[in-house]
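Chains X and Y supply the protein sequences, listed in that same order. Each step along the first sequence adds one to the number in the numbering used here, with nothing skipped, and position 51 is 55. Each step along the second sequence adds one to the number in the numbering used here, with nothing skipped, and position 250 is 254.
Hints listed in this document are in silico derivations from the structure and should not be mistaken for laboratory results. Don't take every hint at face value.
Heads up, the list lumps identical chains together, so a pair's fine if it works in one copy or across two of them.
The calculated lysine to aspartate or glutamate pairs, modelled on DMTMM-like cross-linking and capped at a C-alpha distance of 25 Å, are [as the list claims (entries may be wrong)]:
| # | residue 1 | residue 2 |
| --- | --- | --- |
| 1 | K202 | E280 |
| 2 | K23 | E44 |
| 3 | K23 | E41 |
| 4 | K23 | E226 |
| 5 | K303 | D100 |
| 6 | K275 | D307 |
| 7 | K275 | E312 |
| 8 | K303 | D235 |
| 9 | K275 | E86 |
| 10 | K202 | E86 |
| 11 | K303 | D220 |
2 protein chains.
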Amino acid sequence: MALGEFELIRRFFTAQPVKHPSTVLGVGDDCALLRIEQGEDLAATADTMVEGVHFLPDVDPESLGHKLLAVNLSDLAAMGAEPKWATLALTLPRCDEVWLQSFARGFFNLAERYGVELIGGDTTRGPLTITVQALGLVARGRALRRSGALPGDLIYLTGELGAAGLGLRILQGRSAIEDPAAIQRLERPEPRVDIGLKLRGLANSCIDVSDGLAADLWHILEPSGVGATLDWEQLPLADGVRRYLAETGDWRLPLSAGDDYELCFTVPPAKQGELEHRLRSVACPYARIGRIEPQAGLKLLKDGRSIELSRNGYQHFSDD
Amino acid sequence: MALGEFELIRRFFTAQPVKHPSTVLGVGDDCALLRIEQGEDLAATADTMVEGVHFLPDVDPESLGHKLLAVNLSDLAAMGAEPKWATLALTLPRCDEVWLQSFARGFFNLAERYGVELIGGDTTRGPLTITVQALGLVARGRALRRSGALPGDLIYLTGELGAAGLGLRILQGRSAIEDPAAIQRLERPEPRVDIGLKLRGLANSCIDVSDGLAADLWHILEPSGVGATLDWEQLPLADGVRRYLAETGDWRLPLSAGDDYELCFTVPPAKQGELEHRLRSVACPYARIGRIEPQAGLKLLKDGRSIELSRNGYQHFSDD
Chain X
5 MALGEFELIR RFFTAQPVKH PSTVLGVGDD CALLRIEQGE DLAATADTMV EGVHFLPDVD
65 PESLGHKLLA VNLSDLAAMG AEPKWATLAL TLPRCDEVWL QSFARGFFNL AERYGVELIG
125 GDTTRGPLTI TVQALGLVAR GRALRRSGAL PGDLIYLTGE LGAAGLGLRI LQGRSAIEDP
185 AAIQRLERPE PRVDIGLKLR GLANSCIDVS DGLAADLWHI LEPSGVGATL DWEQLPLADG
245 VRRYLAETGD WRLPLSAGDD YELCFTVPPA KQGELEHRLR SVACPYARIG RIEPQAGLKL
305 LKDGRSIELS RNGYQHFSDD
Chain Y
5 MALGEFELIR RFFTAQPVKH PSTVLGVGDD CALLRIEQGE DLAATADTMV EGVHFLPDVD
65 PESLGHKLLA VNLSDLAAMG AEPKWATLAL TLPRCDEVWL QSFARGFFNL AERYGVELIG
125 GDTTRGPLTI TVQALGLVAR GRALRRSGAL PGDLIYLTGE LGAAGLGLRI LQGRSAIEDP
185 AAIQRLERPE PRVDIGLKLR GLANSCIDVS DGLAADLWHI LEPSGVGATL DWEQLPLADG
245 VRRYLAETGD WRLPLSAGDD YELCFTVPPA KQGELEHRLR SVACPYARIG RIEPQAGLKL
305 LKDGRSIELS RNGYQHFSDD
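Input sequences plus hints: build the corresponding full structure.
This is the structure:
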C-alpha cells in the first residue's frame with residue numbers, strides 16, 4: 005500500500021464526534037496522552053475480529069464498524085466502567101474508499117452515542133483483521149468483577165438469549181426461519197453500558213455473555229468458588245428463537261451460541277428492590293434466570309429434570 | 005481452533021515477570037483495572053505487524069516477540085513516558101507450542117527489562133497478525149511532543165542510521181554484504197526508553213524514527229512550523245552501512261530505510277551542556293546531525309551541495 009493510501013485511510017478516522025477535555029493529546033503524535041482524575045481507575049480491554057472467523061467476507065462494513073466497538077464497550081459495561089477512549093488497529097487488504105467510509109460511519113455513530121473518542125491506532129496492509137482497544141473509567145473500588153458471586157445471589161440477564169446465534173445460522177443457510185431481528189442482533193449488538201453503570205455497588209459479580217451463557221457463567225462460578233442453578237422457564241428467548249427451538253428441538257442454542265453481548269450478573273436477594281428501582285429508567289429488559297448455589301457445578305432445571313452444563317461447553321443429562 | 009487450544013495459548017502468557025502494585029486487576033476479568041497516580045498522564049500507543057508485510061514468514065519467533073513490544077516501547081520513549089502495561093492481540097493460523105513458547109520468551113524478556121506488565125488482550129484464529137498496545141506514564145506537562153521544535157534547535161539522533169534497512173536487504177538477498185549486526189538491528193531493535201526519560205524538560209521535540217529519518221523528521225517540522233538542515237558528515241552510520249554505500253552508491257538508504265527505531269530530538273543550544281551531562285550515564289551513543297531552521301523545508305548538506313529532501317520521501321537535487 006502506498007504512503008498516499010495510508011494517508012487516505014487515516015482521513016476517514018479524523019472526523020471525531022467526541023472530544024474529551026481529559027484528552028491532552030489525541031491522534032497525531034507518537035502516543036496519545038490521557039488525564040485520569042484522582043479517584044478513578046482505568047479499565048482496559050482489547051478484542052480482535054478476523055474475516056472468515058468472526059464475520060463473513062460480505063459483511064456490511066457499517067455493521068462491522070459498529071460491532072467491533074460494541075464488543076469492546078460490552079467488556080467495559082461488564083466492569084461497570086464508563087467508556088472514554090479507543091484505539092483502532094486496522095489491517096486491510098486494499099484501500100476501498102466506499103468500504104472505509106461505511107466502516108467509519110458504523111464505528112463513529114456508536115462512539116458518539118457512548119462518548120468514546122478515538123485516540124490512535126495503526127493502519128497496515130494485510131488480511132482483513134481489526135483490533136479495538138477500549139479504555140474506560142470506574143470509581144476506585146466500584147468495578148464489577150467476575151469473582152464476587154455469593155451463595156443465594158439471584159442471577160440476572162439483560163435482553164434476550166440466542167438471537168445472535170440464530171442470526172448466524174440464518175446467514176449460513178443452516179436455518180430457514182425468517183427473522184431479520186436475529187440478524188440485526190448478530191450484526192449490531194447493543195453494549196449494555198447504561199445497565200453496567202447502574203449495577204455498581206449493587207451486583208456482586210458481572211460478566212458479558214460473548215461465548216454463550218453456559219460457558220461465560222462458568223467464568224463467574226469458578227473464581228467465585230460457587231455453583232448455580234438456571235431455570236429454563238425463566239430464560240428470555242426472542243420469538244424467532246422460540247420458533248427455531250419448536251422446529252429443531254435444538255434447546256442448547258440459547259445456552260451455547262455466542263455473540264449475545266448481554267450482561268449476566270448476580271445480586272443478593274436483599275438488594276432486589278434496589279435493583280428494580282435503579283433499572284426502572286433503563287429501556288433494556290432484564291430477567292431473573294437462576295440462583296447461585298454453595299456447591300460447585302452448573303445445573304439447568306428443564307421439564308422437571310436437572311441437566312448438568314459442564315465447564316467445557318458439552319452438556320450431558322445428569323439423571324439419565 | 006478448539007477452545008482447548010485457546011486455553012493452551014493463554015497459558016504461554018500467564019507467567020508474568022512484572023507485577024505493578026498499581027495493577028488493581030490484570031488478566032482474567034472482562035477488563036484490566038489500572039490505577040494512575042495524581043500528577044501522571046497516561047501515554048497510549050498501538051502497533052500492528054503482519055506476516056509478509058512487516059516480517060518474513062520464517063522470522064525467528066523470539067525476535068518477533070521482542071520486536072513487537074520494542075516498537076511500541078519506542079513510541080513511549082519518544083514521548084518521554086515510562087512503560088508500564090501492554091495488551092497483546094494475537095491472531096494465529098495454528099497453535100504451534102514451540103513457536104508460541106519462543107514468541108513469549110522474546111516478548112517477556114524485553115517486558116522484564118523495561119518493567120512492562122501484560123494486562124490483557126485477545127487470541128484469535130486467522131492469518132498471522134499481531135497488535136500490541138502499550139501504556140506508559142509521564143508527569144503532567146512533561147511529555148515530549150513532535151510539535152515543539154524551534155529555529156536554532158540542534159537536531160540529535162540516538163544510535164546509528166540504516167543498519168535495519170541494510171539487514172532487510174541482506175535477508176531479501178538484495179545485498180551480498182556480510183553484516184550480522186545489521187540483521188540484529190532489524191530483528192531486535194532496542195527501544196531508547198532510558199534516553200526518552202532523560203530528555204524530559206530538555207528536548208523541545210522528539211520522534212522515533214520508524215519510517216526513515218527524512219520522513220519522520222518531517223513529522224517534527226510540519227507541526228512545529230519550521231525547517232531543518234542535516235549534515236551528511238555527521239550522520240552516524242555503522243561500518244556495514246558505510247561498506248554498502250561504498251559498494252552501491254545508494255546514499256539514500258540511511259535517510260529513507262525504516263525500522264531504525266532511534267530517537268530524533270531537538271534541543272536548544274543553551275541546553276547542550278545539560279544534555280551531555282544527562283546522557284553521560286547512558287550506554288547508547290548519540291550524535292548531533294543538524295539544525296532547525298526558521299524557513300520550511302528539509303535540506304541535506306552533502307559533498308558541498310544542498311539536497312532537498314521532500315515530504316513524500318522522494319528526493320531531488322535542488323541545485324541541479
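Handout entry: Hints the structure fails to honour
Key = Per hint list: 5, 6 and 7 violated.
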